[in-house]
Structure formats: structure tokens, C-alpha cells
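J.: From first to last, the protein sequence lines stand for chains A and B.
Numbered per UniProt numbering, the first sequence spans residues 1 to 424.
Numbered per UniProt numbering, the second sequence spans residues 1 to 424.
Derived from the structure by calculation, the hints contain no laboratory data.
Glycine residues also receive a C-beta, built at the ideal position from the N, C-alpha and C atoms.
Be aware that a few hints might be false.
In silico lysine-lysine, DSS-like type, Cα no more than 27 Å apart, as pairs [unchecked claim]:
#, chain 1, residue 1, chain 2, residue 2
1, B, 148, A, 148
2, A, 389, B, 384
3, A, 121, B, 389
4, A, 98, B, 389
5, A, 297, A, 72
6, A, 384, B, 195
7, B, 191, A, 384
8, B, 195, B, 148
9, A, 121, A, 191
Here chain A is said to cover these stretches of chain B; the calculated rule only asks that three of the stretch's residues, wherever they fall, bring their Cβ under 8 Å from a Cβ of chain A [claimed, not checked]:
#, segment
10, 87-99
11, 206-214
12, 233-246
Number of protein chains: 2
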Amino acid sequence: MCGTDSNETSGQAPTNTSHPAQNHNPTSSPYAQMQDYISNVNRYKIIESTLREGEQFANAFFTTENKIQIAKMLDKFGVDYIELTNVCSSPQSFEDCKIICGLGLKTKILTHVRCSMDDAKKAIEAGVDGVDLVIGTSSYLQQYSHGKSIEMITKTAIEVIEYVKSQGVEVRFSSEDSFRSDLVDLLTLYKAVDKAGVHRVGVADTVGGATPRMVYQLISTLRSVVGCDIETHFHDDTGCAVGNAISALEGGATHVDTSVLGIGERNGITSLGALMARMVVSAPEYTKSKYNLTMLKEIEEYVASCVQVNIPFNNPITGATAFTHKAGIHAKAILANPSTYEIIDPALFGLSRYISITSRITGWNAVKSRVIQLGYDISDDHIKTITAKIKQMGDIRPLAIDDTDSIIHAYNVQLREQAAAQAE
Amino acid sequence: MCGTDSNETSGQAPTNTSHPAQNHNPTSSPYAQMQDYISNVNRYKIIESTLREGEQFANAFFTTENKIQIAKMLDKFGVDYIELTNVCSSPQSFEDCKIICGLGLKTKILTHVRCSMDDAKKAIEAGVDGVDLVIGTSSYLQQYSHGKSIEMITKTAIEVIEYVKSQGVEVRFSSEDSFRSDLVDLLTLYKAVDKAGVHRVGVADTVGGATPRMVYQLISTLRSVVGCDIETHFHDDTGCAVGNAISALEGGATHVDTSVLGIGERNGITSLGALMARMVVSAPEYTKSKYNLTMLKEIEEYVASCVQVNIPFNNPITGATAFTHKAGIHAKAILANPSTYEIIDPALFGLSRYISITSRITGWNAVKSRVIQLGYDISDDHIKTITAKIKQMGDIRPLAIDDTDSIIHAYNVQLREQAAAQAE
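Isolated chain A, as found in the complex:
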């Protein structure tokens, strides 16, 4: 048989305390990342691509004003780079790039162009801090897209890189569909561009099929071949965009591409918010000191309104229920110590937690916390009776907070009446 507090073990009702998970020394935390000498987990950088990859999201149409607002918010958030759509995509793309370069932001402005002299020249004309060159290196893209051999790609890449550098502009060279490229071709190409003095090489899981272990393997191998920075770009088709990003940093990557809410081609890429959730756990001190985390929700809401989507209910951090605790056993422990069922303190993002008691799976400790919030003085035994009443109603229909509050209120009135009757 099961007792009243069927989702909890018995014991003292808990009281609120602070959130010690966030106060841990990161190296002594049981969740601290593995310490590898090649790891860049504690010094990663963000290349924010909402205004490039994000513009490839089916629903995206950013006006000039939208772009300026997004760039300013991301700058204030503290991202290291903002990447813009190819200046050759349309006349307005070129004009918008010039405008954003002229805003005087602290963050560096990049544009993502094909690996050709024409595109690179136009990018420099727009006034960017850096040019992101890209070309497909997989057999699929060599055959069905541009039809160029690795030798041709290497030759063109070096010419363009040398030109961009001669203009005093930062330059990245990225392969596209890197994980379906021939490994030896890829390493040969990256070694050649590294020797030519490229600032970063880019690895892209363009079709979103890589696993975290494949990523670690490729990046740590590449780390031993090139001396320059390594940028990584992960699509989320198979749900691994965040797992792949942390594995890349562990393997020696220096930069991660993100977009707000992950918007991009198909179902998108590593989202800025999800990466922050990951990194505030993996590299708490660095992440908290470098990025303006309390701005996240506002930025996500602005971009969501621009591209007319809802924030996914299951979004890390800002999803509607990301800090809601429901099962009795969870609620009891979180009331005693939030770290029991929270790895992230919602306050870091300017958010707060919520203990739900409006269901049949609630428990008496959670109900007690609500009783105290409401200012009633009711004994634990009576609270257990109230909990049974809530569970009874929760078996019949969905409950709202005013349903459970009514049950508590009615029971409290009944208790007072009984006490008054006894006193007479």
C-alpha cells in the first residue's frame, strides 16, 4: 500500500536555501568537464550567425532596421563576432553590411562569401573586419554543386586568402560538408591554407549528421595539423548541434557558430541560448563574466517576433517550463536545495523557478510550500490531507493554481471553524 506522500519519502519539510551549484569551484564540481590539454572549453568564442545562417531560415526576412537591432543586441550580449549574409546575395545585403560595419560596435563584423576573388573584393568594399570564405569539399558537393577538384579549391583558396590579408582584413577558410569529405584531402587543404596564413579554418557539419565522438575525433586530429584557430558549425538535423559543439571545444576548437533560437537552413544550427545553457555549466566563471546572460530572453523574443515563430516549449533556459518542477519527489528536494534538480540557477538569466502543485503527481512538501506562501498555519498532518484532496481532483481533470488554492483555502476555513467550535 502507498501512503499519502506517495511521491516523496518521509522526513522534515524543507525550507528554501541558496543555489550552491553556482558557487562551486568549477574544477571541483562533479560536473566539471574532463581536463584535456587541448580543450578550449574555458576560452571559447562565439561567431553569431543569426544575420547569415539565420537569414537562410525559411521564415526569415530581416529589414535593415531588424538587422541593426539584432546586431546591437548581440554586441551588448558580448558575442565575439557577428556574421552577415554574403554581400553578393542582393544589393540590399551589400548596403546592410555597410550600415552594420558603420555602427561602431565592439564585436567584429564578418561576411560569409563563396571562395572567389569577386566575392572577397565586394566583402572588403563593404568594410568588414573579416571575410569568411566557404567552399564545399565533400564528394557530393564537388560532384553536384561546384564541380571543382581539391587541387583547384586549394589554388583558389590561397589566392583569395593572400588577397584578403593584403587588404589588412581577417580571413577564415571553411570547408562545407566537412564530415563527408575525404579526410586526407581535408587535412591537406587545411594545412595549405594554414601555411598561407589564414586566421581560422572552419569545419562545418552542413547536413547535421555528425555525432559528438566523430566531432571530437576530427577536431582533435585537425588540432594537431594546423596552428590557426578552428571554427565549428553544426546543423541540428539529428539533434546533436549542442553536443557536437561542446565536443568540438573539448577537442581543441576555438570558435562555435550560433544563431538566436538556432534559426537557419532546415531546422537550424546550435542555438545561442542552448550553447549558453551548456557553457554556463561547463565553463561557469568564463561564461558568466564574458556574456550578458540576462539579455538572452529579450534577444530570443525579438528574433522570434522578426521571423514569426514561437519560442519552443522545450527550449533550454527560456522554454515556458524550463524551471518548473512538478513531481512531488522533485518539488520536495528542490525546496530543500535547488541544486538537487537544477544544474542552472535561473537567476543567472534573470528568470525564476516555479513549483507546480496542480496535479495528481504532486506531494505534500510542495503543497506545504504553497500553504506557507499563502500565509496559512496548517500542521503537516492536515497538509497531507489537503494533498490527498488535490490528488483526488487531479485524477479527474487538469487543475489551475486557483483550483488548488481554493482547496487549501476551504480546508483552512474548515479548520478555523472547528477550532472556534471547540473553543466555545
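Assemble the complex: chain A is given as a structure, and chain B must be docked to it using the hints.
T.: For chain B alone, kept in the frame of chain A given last:
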């Protein structure tokens, strides 16, 4: 300067072909998983927990009818187990469990209970095929939740396991918050219950803080300690629930817990659909032959309606734009060969792809495919002019498909009139 086809390299306009990525021998695919002797990627099993973990989602209230419908759909989909809420949570939870056990489904029915004799007895009374025992083993949960030592946990666990087995019922023993538990305590406990004949041990990332490499490390270590099956459960607070699941299977785990759309406490766990996206790439033959993939969308839509959420725009596979291609360079290649920018054939899930041409970042090959769909015979040079017109309008405002169709139609009328005038 940039030419008209600014998002594409020049060359022949492509034609549609089949989807060779799905025809590859999985072992020769460049994306095939690493071949480890401990890997269970090609023989994984699913424990579907929408009716347990999913009931802990803030918005969830499942009626008996909802539960029956969800169980029947999951059975038809082919999941190996369905896990139900603790039969001790409420009287109706017990009744519903009895009803679902009586449906005669092929999939095995489990209930998830605290590691106590009372709960186990009630579970068996309900008629389940298996009992999932759980207890918190982290220092946080030992201190703030149940207050039991590892010795007490072990003693109770063995008693309960032996009892359940004596009743001819399958039994799993899981720790909770495994990744913040003391490793030696954990291995000692698992070794003891394995020796006691438990069918599965469970590892749970209850607070969602593990990384894929931590998971691989813990699971592969555990694999060397116990002989029984290993079940894994990943929360998604830091966006790694899918990356962690594939890493667990690579490390020797046998079972993954899922819920439809990932619903569960806070922002939930590994979603069934995202896991299918991952596994149809990592283990295509096994996944396609075992699970009824074309049912996924219907199941997700039913559960979404039960818990009153929208399918996230960025959901793998069923997100609104998961198979939409927009940038000109992507569209051109996907028209020549879908595998260039798709790792998953949408047809496997009964879905289809869409090539968007309604933006400034489109390209002439994508526009040509639409011209052909509309039945017009227009030369490539003229299509490039049409593309420039679309980009011009796409610079000014968001475009709908009838906007671009109107541009194509008007241009075609103009061409015919010119041809007629010349013929006169």
C-alpha cells in the same frame, strides 16, 4: 562584382534524382558510426516514457482515454517498452496502469516506482511486465531528498529486486542523478544489484548537465562492471539529450528512455523523434526495419494536442521547415542530388522536401525548377533575369509563393508577346 547567379556557381541546371544517402551500405557511409566492440548502436532498444516522464511535464494531464490512445500508438510504432507513472501517485494512476496492462499490446508495460517494497507490491498488483525501481544516489539527493546512505540503498534494493523477481516480473534498478554520484559508490551498488540478478541497471542524468564524453566514459566503465542491460535517461537542460544518448549507445548502453516531443520535468528529455532522426542516420537498416517511422508525425501531433503545446519550429524531422531549402547554393545542389544537403530522406517519415525561392538569397537553378514545375519553357538567360527581379523584390519585403509565381508568369507573358510581335 557579383553576377546574377550570386549564390551559385555556374554550370548545367540540375534535374531531380533519387536519394542515394539512404541506399548506402551503412558501414561504407562516410557518416557511419565508429565501430566499437562495445557499441550497441545497431541493436538499441527504446523505453518510451511519455506516460511517466511525460506526465511530469508541467502542462500534462492525460485522461485514461489519452493514455490508452498514446499506448496503442507507441505499440504500433514499435517501441520496446512503455513506462507508466508510479501506481502509487494516485488511485487513478493505479487504475490506468491496470487498464493499459490489459490491452494486450506487444510492447512490454513498466511502471516507475520508488525503491520500496510497498511500491513494488502495488506495481505487481497492477499487472505490469516490469518494475522500474529508482532511488537518488547523488550526495545532493542523499542529503536533501531521502536521507539514506549507499549501504541502506543497496540493502533495500536487493530485497526489493529479489521480491520482484520471485513474482516472475522483470526488474530494473536505477540510480537518480547518477552523474553527481560518487563513482565508486555507484559501481559498487550496480555490481551488487547485477549480482542479485537485476535485468537492467539505469543511469540517469536527472539534472541534464552531462556531456557526451562524460556519458561515454561512465557507460563504458559501467559496461565493464555489470553483465546486465544498461538503460539510460537524459534530461535536456543543456541541449545534450540526443548527443548523450548516441554516446551512451556507443559506450555499451542497451536502452534509451524517450518521450514524445521530449516532454518531461522542466524542458524534458531525449525526444522520440529526435532519437529517430539520429538513429536513422547512425543505424539506418535496424531503425527502418524495426520502427514504424511514418507514424511519427501523427504521434507527435496527438501528444502535442493532449498537452497543449505547438510542435517546435526547430524540431528534428517534423519541424515546419525541417526539409525546406532556401539559399540558392543549397537549392541548386539539392535539385541535382538531395543527399548534398539532406542526411535524412523525408520520405522515410512520409514527408517531403520544399525548395523555397521566395527570398533575396535564392538562385537561378532554384527558380528554374519552379519554372519547370509551372510548365513554362524559358531559357536560362531569361531565368537569370527573372531571378534578379525576385531578388530585387525580396530586398524590399517578404515574398509569398504567389509573388514569385506572378513574376514568373508576367515575364512569360511578356516573352510570348515579344515572340508574337516578331512573328508578325
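J.: Against this structure, judge whether each hint is valid.
T.: These are the hints, each one checked on the structure:
no.: 1; hint: 148/B <-> 148/A; verdict: violated (65 Å)
no.: 2; hint: 389/A <-> 384/B; verdict: violated (71 Å)
no.: 3; hint: 121/A <-> 389/B; verdict: holds (24 Å)
no.: 4; hint: 98/A <-> 389/B; verdict: holds (23 Å)
no.: 5; hint: 297/A <-> 72/A; verdict: holds (15 Å)
no.: 6; hint: 384/A <-> 195/B; verdict: violated (39 Å)
no.: 7; hint: 191/B <-> 384/A; verdict: violated (38 Å)
no.: 8; hint: 195/B <-> 148/B; verdict: holds (22 Å)
no.: 9; hint: 121/A <-> 191/A; verdict: holds (24 Å)
no.: 10; hint: 87-99; verdict: holds (count 7)
no.: 11; hint: 206-214; verdict: holds (count 9)
no.: 12; hint: 233-246; verdict: holds (count 10)
Against the hints set out earlier in the document, violations occur for numbers 1, 2, 6, 7.
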